[in-house]
Structures are given as structure tokens and as C-alpha cells.
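Chains as they are written, first to last, in the numbering used here: chain G, 1 to 417; chain R, 1 to 417; chain C, 1 to 345; chain A, 1 to 268; chain W, 1 to 268.
Since the hints were derived computationally from the structure, they do not count as laboratory data.
Please read these numbers as outputs of a predicted model, since none were measured by experiment.
Any given hint might turn out to be false.
Stretch by stretch, here's where chain G covers chain C in the computed footprint (C-beta under 8 Å, at least three residues) [to be verified]:
| id | stretch |
| --- | --- |
| 1 | 53 to 60 |
| 2 | 65 to 71 |
| 3 | 75 to 89 |
| 4 | 152 to 166 |
The beta-carbon is built from N, C-alpha and C at its ideal position, and this holds for glycine as well.
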Amino acid sequence: MTTTTETAGGIQVVKPTVASHIRDYFARVRGGDLGTLPAVLGLLVLVLIFGLSRAETFLSALNFANLFNQSAQIVFIAMGLVFVLLLGEIDLSAGFASGVCGAVMAILLTTHGLPWYVAIPAAMVTGIVIGLVLGVLVAKLGIPSFVVTLAAFLGFQGVLLTLLEGGKNISITDEFVKSLNNGTLSVRDSWLFAIIGVLGFAAAQLIRWRGRVSRNLVAEPLGIVVARIAGVAVLAFSATYVLTLERAVNKAITSLKGTPIVVPLIVVFLVIWTFVLARTTYGRHVYAVGGNTEAARRAGIPVDRIRISVFVICSFMASIGGILVVSRQSSVDPNTGGSNILLYSVGAAVIGGTSLFGGKGKVIYAVIGGAVIIVIENGMTLLGLNSGVKFIFTGLVLLAAASVDALARRRASATGS
Amino acid sequence: MTTTTETAGGIQVVKPTVASHIRDYFARVRGGDLGTLPAVLGLLVLVLIFGLSRAETFLSALNFANLFNQSAQIVFIAMGLVFVLLLGEIDLSAGFASGVCGAVMAILLTTHGLPWYVAIPAAMVTGIVIGLVLGVLVAKLGIPSFVVTLAAFLGFQGVLLTLLEGGKNISITDEFVKSLNNGTLSVRDSWLFAIIGVLGFAAAQLIRWRGRVSRNLVAEPLGIVVARIAGVAVLAFSATYVLTLERAVNKAITSLKGTPIVVPLIVVFLVIWTFVLARTTYGRHVYAVGGNTEAARRAGIPVDRIRISVFVICSFMASIGGILVVSRQSSVDPNTGGSNILLYSVGAAVIGGTSLFGGKGKVIYAVIGGAVIIVIENGMTLLGLNSGVKFIFTGLVLLAAASVDALARRRASATGS
Amino acid sequence: ACGTDDGGDTGTGTSSSAGKVGVILPDTKSSARWATADLKYLTEAFKAAGVEADIQNAEGDKTRFTTIADGMIASGVKVLVIVNLDSGTGKAVLEKAKTAGIATIDYDRLTLGGGANYYVSFDNTEVGKLQGQGLVDCLTEKKAAKPVVAYLNGSPTDNNATLFKQGYDSVIKPKFDAGDYVKGPDQDVPDWDNAQGGTIFEQMLTQNKAIAGVLAANDGLGNAAIQVLKRNKLNGKVPVTGQDATVQGLQNILAGDQCMTVYKAIKKEADAAAELAIALAKQETPSTATKTVVDPETKAEVKSVLLAPQSITAANVKDVVADGFVTKEELCTADFAEACTKAGI
Amino acid sequence: MAATPLLELRGIDKSFGPVQVLHDVGLSVYPGEVTALVGDNGAGKSTLVKCVSGIYSIDAGTVTFDGREVSVHSPRDAAALGIEVVYQDLALCDNLDIVQNMFLGREKRRGIVLDEATMEEMAGETLRSLSVRTVKSLRQLVSSLSGGQRQTVAIAKAVLWNSRVVILDEPTAALGVAQTAQVLELVRRLADNGLGVVLISHNMNDVFAVSDRIAALYLGRMAAQVKAADVTHSQVVELITGGRSGNLGLPPERPSDFIDITPGEVKK
Amino acid sequence: MAATPLLELRGIDKSFGPVQVLHDVGLSVYPGEVTALVGDNGAGKSTLVKCVSGIYSIDAGTVTFDGREVSVHSPRDAAALGIEVVYQDLALCDNLDIVQNMFLGREKRRGIVLDEATMEEMAGETLRSLSVRTVKSLRQLVSSLSGGQRQTVAIAKAVLWNSRVVILDEPTAALGVAQTAQVLELVRRLADNGLGVVLISHNMNDVFAVSDRIAALYLGRMAAQVKAADVTHSQVVELITGGRSGNLGLPPERPSDFIDITPGEVKK
Ligand SMILES: Nc1ncnc2c1ncn2[C@@H]1O[C@H](COP(=O)(O)OP(=O)(O)OP(=O)(O)O)[C@@H](O)[C@H]1O
Ligand SMILES: Nc1ncnc2c1ncn2[C@@H]1O[C@H](COP(=O)(O)OP(=O)(O)OP(=O)(O)O)[C@@H](O)[C@H]1O
Ligand SMILES: [Mg+2]
Ligand SMILES: [Mg+2]
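The following block holds chain G by itself, in its conformation from the complex (with noise of 0.2 Å):
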């Protein structure tokens, strides 16, 4: 039997159990509401193979560790994505705004030899005033973020190429640097950085949802916020288990142990966005304008001023990607930042189920999906197939786990919501 509640404005709603939301999941879920589970699906699915075919590597806790530094480039840059593609706009600029901003630290570091508390901000404001100067030109100017980006695509290969004198490599030693993507944490603050992480986790949500049963509005019922909870601790501190077990190549040599350090980087900045998105006025904003933008101005919100801020803030996650990409190869080249990175990153989002179109996504999306890109990327390698084979296969691979994606979403439109 169901009981029912009154709730704000005097509508009769049922009382939700634990049975009748986990019920209510498994309706949305065949109607089509998925949120992030088909890419975590994928994912699995991904690791299954990867994980039989080559299980002594890739599942070893070295290969775990290295997943983060490998994906910390395309994580950031994806991050960044995401709120340009909320607004349904496009930065195919992001990858080489990562190089340069990369490129004026290592410069700083070296040429000037100036100190990191120096060269790292730097970097950041050259990204923050990259995506000053797109955003205006978006904005103000009306010109198409595609064509904007892709002049800055080419524009930024240039400064880069000049930046580097013709085709130079700068190799940084900072060792801070070299250490954010590089380095780990000890094994006392790994378990640190995971309890602390988990019970803030469980403060914010019981947090949230004394708040909306003490104002008797629906909540969900308290057995799945603690289940949620439970979840993330055992994740947190699963993870945190593989990656303080003993991980060097040749333990007589070395020790390697810990957390990596771009982990608690990730989750930072994972935290700060989607507090931002979910939480304050300029979130809802990004969400308005990218859902509808006439509706948005007449609503009163400053649209261009939006459409601005989310360049800004794409060029500024690309810059970290930047700082962090330097700081994994310890050195910067014409190229850092080209390749496939902006496809890849771009990708990530979208596996991730952010929309092209706007209005759409979640930070969170872009990790999932930047996790997505990264597993393939580093179980194809762990293959060893030659170059052609490999791409075929990387593109199956990627095309594979965007269709159970797409099959999980499929009954979406037929049933119509």
C-alpha cells in the first residue's frame, strides 16, 4: 500500500519508499532515462574485454594508477567542453589552447627561469584571456563558434609553433611540475584524501536531504541516500586499496605506491563544476541559455555575458590540461595538444551523454566518458597490434561501447519522453 503526504502548494504526493523509488528506477530506466548508466555500462563492458584479454597488465594495480595520468589531458579539456557544448557551441580550439598555455609555462620555467607559483598561473590567465577573446568574438560578433574555433585551431598551432621557435622541444625539471602528473600521494594522505572525500560526500547529501524533510517537500526516502552513500565509500575506498598496494616494475629498485596526485585534481575540480552547475544561479543560467536561448533573454538573462563565460572557462580547464600534459612528458612540443586530443576530448563528453545540440550534460559526464576513451586508448596498446589493425579496432572498440549506450537508450523515443 502506498501512503501519501502533502507537499508544497498542496499537492497530494505519494510517500516514496525505499521499494517504490528503486521500483520507479527500473520504470524510468525502461523508459529510457538513463543518466550516466549507459556509459558506465560501456565502460564495464570495456574493462570485461580488456580484462580477459589481457588480464595480468591491464588489470594490474600499475596499469589502474597510470588510467588517471593518461586520461588527466582529455578529462580536463572534456570538463571544459562540457559547458560549450551545454550552450550547443563548439571549441575545436581547446586542444592547441592546451598546448600554448602548456608552452608559456615551460617557457616561464625555462627560458625565464622564473618558479612554478609563477609559470603554472600564467598558464591559466593565457587560457582564461583565450577564452576572453573567443567568447567576445562568439558573442559580440555573432560570428559561428566553428568557424571562431577553427580559425583559432590554426591560429594557436602557429603561436605554438612560434612560441617554440620552429619546432623546438622545451623539456621542463621543475619538480613540482613534473610531479602533478607524475607524482602520488603517500599511502597515510591517499587514505586521507579518500575518507575526507567520502564523508564530505555523505555530509552533503544528508545535508540536502534533512533540508527538504524538514520543509516537507519529497525527499528521497532515506534507506537510498545511505545506499548512495555506502556505494561511493566502497568505491573510494576500493580504489584507494589498488592504489596503495606496492605498483613498481622492479620492487628492488623502487618503491611506487599511492593515490596519483592528478586523482584528488580531478575530483576537485569534478566537485567545483558540478556544484557550479547544480547549485548556483550561473549554472542554472548555462542550462537556460543552452535549452533555449530566447527563452533565456526574456527571461532576463544575460545571454552574451553566458555565451562568454563558458569559452572562458573551457580555454581555462584546456590550460590545466595543458599544465598537466607538460608535466606528465615533461616537455612541450608543436604538437602538444594536436592529434586526436580535441576529437578525443570532444568525444568524451558526448559518450559521456552530453548533447551537441545544448542543454544537456554533466561534468561527471566527461569523466565517464574521458574514462571511456582512455580505457580503450590504453587496453588497445596493451594489444599490441600493428598501427593499421589497431586503429580499425580502436574505432570498433569505441563504436562498441557507444552502442550499448545507444541500445540501452533506444526504447527513449519509442515510448516517447
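Here the structure of chain G is known, so what remains is to put chains R, C, A and W with the ligands in place on it, guided by the hints.
Below, chains R, C, A and W with the ligands without anything else, positioned relative to chain G:
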């Protein structure tokens, strides 16, 4: 004074005169409804810039003829992409698809020693099959086209590498194939082509005008129709005049004059696709699906089939682009169709005025946009800048061309149309 | 689930004592050699020695390069052979390998400051010098007076292209300075893209109709230039250089359209590298690395095997065939049968 | 009146995810009659129409057309049966003009070429009969039309064809006085020509002016289907707002799985 | 009634490209009064509203608000003046839910965090007062709402704020009987609170039920602005369909630049 007349359904309308028509045109332009005008303006500005800075070379007959050959691949891919973009989809794989098709042709010609009339159709069929597969994946499985074609972009790169056994170049020697994007019509045929083309255009325009007038429908004043025909005639004949000038680099050794063979190829496809989009049921349905998929579905249009078909057309056009680029280089390598080809092709369509959100665009836009892109490429290489500076300038010039467009269009949103 | 570092090798044959070897090749764009020649020869060499090898290509992508390296290190290779994409990434990988206790070999390209254990290579600057000298010879043969020489360089983002250019500049620039040659257009071809190369050269010719010699950085770009020259019936009149001794390049040489190419006996290089790697994998001290190269950055000496590239003209095309680098069937197709006979193949 | 219904729905259920919108709905449409489908906002009228026309798939229930049980999976199927629908959310292609929209999916052709002149003439005639004024040109994009003009185009589009059942979902909502009269007249004329017509409307005057039968939906359930002559204006309003009126309508005891989500009554 | 109009338009011209839609239109809105704006389909009512609210720029004419001449370049400016509009083409963000749409652009915050709970409560209260039934949850996406539910959300959105002029463009078009009554009552209540209200409607009963003044647009020209008490139902219909009625309305001789595009009269 205006005179009115009664038209279909007994609606009273003003009988348009040449004067009123011109007045209306300017009112429309002021109101922001501009068609290809801005792109053409952008093109003129570019020609002016390069013409002033490199008059003797950029404005030479040789360079003018070269423009057509150089643009062939991008223009063909862009024409195909217009169909995909009209549906709000994207095809990232069109570049490498053209490479794969070119490679298929080259391999059949050389390794298998087959004649061109087998190899060329085989390449086209390859294109069609590629399009079918992409289309089915997008339409039937419902995977976003960005992801499908990103996978295909990777996959085809692998196919190309595999076809070329890991990176060999294959030279073709077939004279017919080589003539496609290198040869010229004889001077007589060049003029014949221009005259037939202009007569055909005139006939089409006048028959259409007669048809409307005879059924008492609102028609343009005859003066405007005649002026339009005259404009096209002047353009065609002056281009033909320039192209039939002697343009050999070393006139002592060889003679080179006549319209490049690609010009009739481009014109024929432009006419065919323009006809298909504007005057057939199929074209109407493409616009409808792009404008409002749901409305099209409710009107009983087979949306899936339309969606598949545009990918087929796109890949088919890419295959021709591939054939032409292989013809031009007389060789195919693993990078044929790679690099910036795809971004440039999409850019061409978008600069011309095609919307990435679907429903808005014409095939001619791809040709004009392609001209913008190629004039930039062509002019930039004449300036002899170093790589970095060249990239930066290319970006800036592209932006400048797009700004002309954007500024001209700006009022559109201000006046609300 | 995967704590053991032992590869689980249970066999007792000779191979059991040898560890696994990882090889990372750079790309498929700068030259066809990586995917066609090196891969084949290395695979054969390792197979012959019964040593397990994992050979991968980074597709010109540095991120992928490091990803592959991570994967190989994770899978427990004992020797890592790399052709770096640039010294920075190369160095990062070498350092990681070293901390993991893996022996390293720089193959074909020296990683500056990387401190690899061994170095096997053709000298890229030397390749450029051969190209420059080849062009000079052809121009002299054509008795060109004050010829305009155009440069069609490799990818601006490829460090090798820079090295090649250093090589040919060292030969030709003095001629410019002396006024013997006239400097013509000088442009890079992004991604070594042949189609773009063709367009760029076409524009060079539009810009300067007097171009009398083309220094193209490899055979693909050479062929692109030759096609433009053909269109203007200038092929054979304007010498064009190349590199890699590809079938296409050799055919162009036989046809008289290309002046020379540079042949790097990749099999020798591959065999030398494989030999080193096999020795290291078996934990023996290799004896073949007799020369040394000084790392310009650290001034440290790296034990090296150095091989000499060879300049190929119509006169010695047969050497390449004799070497088995290209087969007669590939080269002497119907169109070139006559030329082949003439060249003594 | 005809004895057998032309279109008959039985036991239609439809859920969107966890929300069930239609519960066991039945409806009969007779040839030569106008059936008014009434119901409060959110009662499920438009959803029912979309189930019939194949836009939504139904979860349970049968659709019988002309005595045969049919399954309608897409609007194409519905059109093939001869069912035409004017949707509440008009669904016009903003990037096409009036004529193009009116003939969408059924373009007139001469050979393979579109016969624009004929279509333009036919469109003009139809619009004229619907009292459309102030349209500047038949070649105006529908994106630039006023609300009422858009609605007229949608109606004109549906009545151009030789269909057997025409369903109009609030066709006169945005129309002016004269245009509304024309549309009601058209509705009557269609029925008199032997078509089955379903008219959804919130305007009781309009409903009583043209309809032969009235079907009232209440919270996703069919409360009653009655002859228009047998009920009064206020009885219908009671059916709409309360689901029953006297001995008409839903049983007084609520079905057990039914949850009232009506907001607390606001005091008048 | 108040002597000076709160909002006054004078000589408004508006063209879209070559098409002139508004010719020299004037309109006065008085505080405490409901001014009904009527006119045939395509007469230019919605265009006029959009000119006032800054969505369209005007080609000529002045807007006076509270005695000061103002220039409204965007909906932000209009909102700053205290002008709220319910548009005919509702303009809701389909990807947001009911509460989010209702507070769009004026979110309640606590610090930098959105105060969802307060907004949800306020939205619930407002909807309750508008007799909204069958909304399953305040967190439903508006894309899944029925036509009437969407319209209610749009209305609720406009009346949540302390504005001085409220303009409603056909607010009851999609509403059911009870909801319509509620909205009309709301309109009256707003005026009684001293606001200036403009109501656009095609329903003469509604117009006469609540309005104090009636302004009739005819083919883009203001035919007459009269007190509701001074005219009859049929006079207003004549003004709408013909531009004049007796000595009211446009001068009988047509202005010279005026072209009649009315289709030939259809015989009744
Ligand atoms: N896609 C959907 N997902 C969830 N609920 C939906 C969806 N579509 C409609 N609904 C709900 O179904 C109910 C019925 O909607 P419907 O549009 O059929 O109402 P209606 O009777 O046409 O109302 P109106 O008179 O306002 O047009 C509404 O409560 C609506 O919120
Ligand atoms: N962007 C535009 N471009 C061209 N014409 C337009 C545009 N917008 C509106 N019109 C025309 O202006 C006229 C007035 O339109 P408007 O929407 O103001 O009418 P309305 O009085 O609101 O009609 P309704 O009662 O049908 O809503 C119509 O004839 C319409 O076709
Ligand atoms: Mg409805
Ligand atoms: Mg209106």
C-alpha cells in the same frame, strides 16, 4: 503607385516591379536576410587583400586555374557534408573516407591493373557502402553521429594504412584518371561549356518564370530574371576568357590553356544537388527532417531512410573528392584525406552559411565557402611566410572573412527575423 | 589479482632466459619506413632469436607514446627500444624505464639528455647532407647557372625535419651566400601531407617560375613536386631530391624525374638494434656497440652503433634492389621495365 | 447514425516511465459524427491522440479501424489508414514556407520535379476557405507567422487529404472569432461528408455547437462517452472537473491504485 | 480611474524586412485597469507586445513609462521597469523543470547556493492558486507537460514578481474551464492591486468579463481604444474584423499606401 493583382486563393498582392523588387531586396538585406551575400563579400575582401599584396602571382591566369584544381577535394567533400549538416548531423570521417576511396581506386588501377572504368566506379561504390554503414549506425542504432563518425575517422585511418600496407605511397599512371584533376578542356570546348551552361541557366530561369506567370502566381518581374541571367553570363564568360589565356609557366616548352576539367565536374554536381534539394520531394524532406524531425515524422516522412541517405550522399561525394585528390597527386599515401581536410570542408560549408543545427543550407554555400578556404590557403602560401606565422595569419584571415559575414548578418537578430 | 612479476614463463628452452623486449616506433607519417620496413625487420630479428617482442607505433602522438611506454613497463619488458617523437617525451619515458630497472636503447633518434644505455642510428643530419650534395651534383650536371633552389621541408612539428634541414642547409647555404645559387621559396609541409605539399609547391612555382632545383625532404613530397612539374612539362628539367628509397621515389628516379633519394639500409639498422636488445634481454653485455656519440646536452658519451645512409641515383638504384629493400617486381612494373633494364636491374 | 464505429480504442494504457497517464481508456469514433473529446488540463487527451496516431507506442489495449484490429507504429501507418491529425503542439517545420508545410510528406509532383505551382494554388484555395487574412505571401516562412496563422496552416494541412478520420487537438485555441467559426463549420462539413471527426476543445460552446457525441477524460480515465443531446453543459463540466455527474461517469469509490494528486481545493 | 497612463506607446512602427507589421500604433495602459488588446489573427498584437518588452526593436515611435520616455532594448530592461510578459509562444526551457522555469532569471539564493526548497514551496503555492491539477511533481521537466500545464507555468512565472505592468498574450488559450476562471480572477486581482494589466484574447466573453478598456488592432493599425462599458460585444467584433464600427475605428477611406491583402470574401 503600386498595382495589385489577385493570386492563388484570391489573395490580393502587390504586382512586383523591378523597382519594388530592388527596394524589397535592400529592405531584406537591412533586415538581415542575406543568403550568400556575406560569404561572397568575404571572398571579395580576400581577393582584394591577396590581389594587392601579390598582384602578379595571385591574380595570374595560372593561379586562377590552380584554384579550381586545389579546391576540388574540399569542395566535393563540403558539398556532401551540406546534406549531413542539413540534418543537424556531422560526418567526421568524410576526409579519411575520401582517402580510403582514393586508395581503393589506386590499388585497383595499379596492383590489380584494372582499367579506370572499373576502378573509378569501384571507388564510388566504396563510398556508398561506407555511407550506408554510417547511416544505418546513426539512424537505426541511434548512436550520435559525432561518435559513429569519430569511430569511423579512426577506423578508416587504419583501413587506409592497411590498404597501403603500413604506409607505402602508391603512384598511379592511368592517364584518364590523372587528367580528371590535371587536364583542361580545349579552348573550343571551354567556350562551348560556358555557352551551354549559360543557355541552360537562362532556359531554366525563363521556363520557371513563364510557368508562374501563366498560372497567375506571384512572380519576379522579368527585368530581374533577365538581369540575373546577364550576371551569370558575364561571370561565366569572363572566367572562361581568363581560363583560355595562355598560362604555361614556360611558354617555350608547353602550352596550357582552357578550363580545367574539374570545373565542369564541380558545376555538374552543383547543378544536380541543387536541383535535388530545391526541386524534388527528397530534397524537401531533407529540409523538413533538418528543420523539425518530429514534424517530419508526423508528416509521414521516413526519417530514418532520409538520415541514412544523407550519409550515403556525403560519403559518395567524399569518394569523388578522393578520386580527384589522387588524380591531382597521381599518388595516394596514408595521409590522403587526413590533416585539416575535414575541418576545412566543414568550415567551407559553415562559412557559406550552412547551419550546424540543421535545416539551413544550400550546396552552393559549400562551393562559395570552399572558395573562401582555398583562396586563403592559396594566397597564404604565396606570401612565403614561415610556418608559425603562416598558421597564425591563416587563422586571422579566416576570422576576418567570417567577420564580414557576421557583421553583415548582425542586424538579423536585432530586428527579430 | 596480479601481484606476480614473473611472466609465468614455464618453458626451459633458450628463450626462457631472455626477457621481453618493447619497441616503440614513432609514426606512420614522417616516413613509410616505420610501418613497412622497421616493423618487419625487427619482428623477424626477434623471432629468429626466439625473443618475445612487443612492437608498437605511437602514430605521431606523444600522449600515445607515453601511454604505450607505460603499458610496456607495466607488462614487464626487460629492454625498451624507443624512437622518440621528441627529446622531452623520450626523456620522460627513459627515466621511467630506468627507475623500473629496464635497459634502454635509442633507436634512430638520440634522446637528448635522456641517457639511454645504447644508441643505434643513421645520422639524420648526414641524411640531409646527402640530399644537399645530391641536389648540387644534379644541378652541376645540368649546368644550371645561378639556379633558383626551392625547399619543400618536412613537417614543422617534426624534429627530424629540422635535422634534415640542418644537413642540407649546411651544403647549400654556402652556395646561396656565395651567389652561386639563388634562394627560392622555403616552406614547411604540415604533417608531411603530400597533398598539401603538392599545393604548396604549386604555389611556389606560381610565385617563382624560375625554380630550377627542388630540395624535397622525402620521396612523398618529392613526388608531389614532380607531379606539379609534370603538369608544367618541367619534370626531368628541374632536379628533385627525396629520401627513404621508396618504390615511388626509385621509379621517379628511373623515369628521370627525380634526381636522387637517400637510402637507409633499414634492415641493417634494425638488425643492429635487435642484436643489442637481444643481448640485453639475455642479460649479456653487447659487443657490437663500439662507437660512441656525445649527448650534446649532458656531454655524456652514449655507446652507439652508427650506420651510414647512402645516396641513390639512377646509377645505383640496383643496389637497393640487391639489398632486398625493394623487390624487382614492385619496382619494375610495365611502365618501368625498360628503365630497369637500362639501370641494370 | 452508423452502427459500427470507424475507429475504436479499447483498454488503452500508457505510461511515461513511472507515471501512468492513461488507464484503460476506450473511445469510439463513428463515421459522419463529430466526437468531442473533453477533459481537464493534463487529463491525457493529447496523449491519447498521439497513441492513436503512432507517435507514442501504447502499453496495452487495442485499436480497431473499420472493424479490423490494427497496430499503428508510426504516423506513416496512421496516414496510410486515413487518419489525419492536427496536433496541439502544431509541429510545423519553421524553415519551410506555408505551401511547403501544407504539402509536407504528400508533395505534388510532375515527373520527379515538384509541382510548385499546383501546390501553391491548392494551398491558396484552402487558406481562403479558412478565412485567413493578413498572410503576406504563401511563400512566407512559417517561423514568421502569428500564432493563429500557424494554427490555420496546421489545420489546412490536415484537411487537404482524402482521409477517413480527422482528429483535431484544440484547433481553435489561437484563432480569432471569424476563423473559429470557419473551422467549426469545416468540422461539421467533414462529418457530414461521412468522415469520423474527433474534436478536442476546452470551449463548451464550440463543443455543443458541432458535436454529436462527447467523451470526457478524467485523470487519464474515460469518465463517460455520451450523446451530446443527452447531456447538459453543466453536466459535462462536472464530468471534466470531477469525473462524474449524477449517475454518469466513474464509480464513486476510487480504484485502489489510484492516487489523488489534485491540489487541495482553493476556496472560492 | 487614474488619470495618467502607466505605460504609453505612441506612433510605433515595426517592419520585418520589406513587410510593415505595425503602422503608427498607440496604446495607453492605466494602473488599476485591465486593458484588453483584441484583433484578428495576424493583426500585430504579439508583435506589439514584443516591441514593448524589448524582444523586437521598434523602427519609430516612443514608449513612455510612468511619465518618463524610456527605451527598452532587451527583456532585461523591461523587467527592470517592472513589465512582466506572458508570451503567446510560451518560451519555456524544455530541459528545466517547473520550479526552475518559474524562477528563471530571478532565482532565490542563500549565499551563493540556490535555495531550492524555498523556490519549490513558492512555486507550489502559486500553482495551487491557479488550480493546477494533474501535475505529478514540481520537479517534472516542462517538456513533459501538457499544453495547458505549460501555459499555467508561464502564467505563474509572470505573476510571481512585484511588477507594475503585466501583459498576458492569450493566456487562457489552452486552459480548461476551471483554470480559465482562475486566470481571469487573477487578472482582475492584479488590476485591483493597482497594476496595469494588458490582456490579449480572442474570447469576447473573457474580454468583457474582466476588462476596463478595449483596444482593437486592425491590420497593424490601432482601430480604436475605448472603455469596455461604452461598447457592445458586436461592435468590438466589427472593429476586429473590419477596422471600424459606426463612428468608431479607422477612417472609411483607406490610407493611400495601404494594400488590402484580405482574401476575397468567402460566401457564407
Ligand atoms: N513525456 C511525458 N513524460 C511524463 N509525463 C508526461 C509526458 N507527456 C505527458 N505527460 C503527462 O501526462 C498528462 C497528460 O498530458 P496530455 O498532454 O495528454 O494532457 P491534455 O489532456 O492534452 O491536456 P491539455 O488540455 O492541457 O492539453 C499530463 O499530466 C502530463 O504532465
Ligand atoms: N519575423 C517576421 N517576419 C515577417 N513577418 C512577420 C514576422 N513576425 C510576424 N510577422 C507578421 O506580422 C503579422 C502580425 O503578427 P502577430 O504575431 O503580431 O499577430 P497577432 O496579432 O499576435 O496574431 P494572433 O492572434 O494569430 O496571435 C502577421 O501577419 C505575421 O505574419
Ligand atoms: Mg493537450
Ligand atoms: Mg499573437
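Those earlier numbered hints the structure runs against, lowest number first: none
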